[in-house]
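A.B. asks: As a plain string of letters, each chain reads:
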Amino acid sequence: GESVGLHLPTLSVQEGDNSIINCAYSNSASDYFIWYKQESGKGPQFIIDIRSNMDKRQGQRVTVLLNKTVKHLSLQIAATQPGDSAVYFCAENISRNNRLAFGKGNQVVVIP
Amino acid sequence: GAVVSQHPSWVICKSGTSVKIECRSLDFQATTMFWYRQFPKQSLMLMATSNEGSKATYEQGVEKDKFLINHASLTLSTLTVTSAHPEDSSFYICSARVLGVNRSYNSPLHFGNGTRLTVT
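Each protein sequence line maps, in turn, to chains A and B.
The opening position of the first sequence corresponds to residue 1 in the numbering used here, with each subsequent residue numbered one higher.
The opening position of the second sequence corresponds to residue 1 in the numbering used here, with each subsequent residue numbered one higher.
To be clear, the hints were calculated from the coordinates, so they are not data collected in a lab.
Check before you lean on any hint, since a few could be wrong.
[Said to hold, decoys possible] Lysine-lysine pairs mimicking DSSO-like chemistry, simulated, CA-CA at most 27 Å apart:
(1) B:K66 / A:K104
(2) B:K55 / A:K56
(3) B:K20 / B:K55
(4) A:K104 / A:K71
(5) B:K41 / A:K104
With the rest of the complex left out, here is chain A (with noise of 0.2 Å):
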């Protein structure tokens, strides 16, 4: 299920189940969006990317779905695994200034 922590947002998945964490991001002028995965006392890492060109675009077990019409992009993760347990941030660059907004992140615990 999902819950709302502290400051975190967090989801809570059965190992081997799909995860699906989303992100709203506030600025129409946004081209090009990113998702970082954090792990405690480490800086982000990158996972996948999308430009505004796209809706979808695949990875190595993750997908990312481009919604610009309602400003919505989301990140799946197909068969969850426990070293998927982290917290995950979406990133927006705003074209005019090219720097990195991040997004308030979302912790995802699983459940072996």
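Here the structure of chain A is known, so what remains is to put chain B in place on it, guided by the hints.
C.D. replies: For chain B alone, coordinates are given in the frame of chain A:
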């Protein structure tokens, strides 16, 4: 792949002292590096953009005299927290981008592993 190295990984200092954090791009040149700060269970907040050979650009609300940034070469940027206070305790993370085709900015930022600063 692109590697960004950050040093130190953690530091404890006394209130009033200054701390320098280094960020290096190991296998690529970075004319621009970005410094973020992250509090527990929160997202990354951009502090400033470090530009090689010129002044850094600070985000609104970030004191440039407190967080000194020097980008002296294409592979090194430093962040110095001056006269640190307990409220400066945080996780500081640097990042850099390998420019894409045609020097496009549509390429991911690569992050260092962060520096945990604790001010006592």
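A.B. asks: Each hint needs a verdict: does it hold in this structure or not?
C.D. replies: Hint check results:
1. Between B:K66 and A:K104, the direct Cα distance comes to roughly 26 Å. Compliance with the 27 Å bound is thereby established for this hinted pair.
2. A C-alpha spacing of about 38 Å is found between B:K55 and A:K56, which places the hinted pair above 27 Å, so the restraint is violated.
3. Of the pairs offered as hints, the one joining B:K20 and B:K55 holds, with about 17 Å between alpha carbons and a cut-off of 27 Å not exceeded.
4. Note on A:K104 and A:K71: the hinted pairing holds, with a Cα-Cα distance of about 15 Å set against a maximum of 27 Å.
5. The straight-line distance between the Cα atoms of B:K41 and A:K104 is roughly 9 Å, inside the 27 Å bound, and the hint therefore holds.
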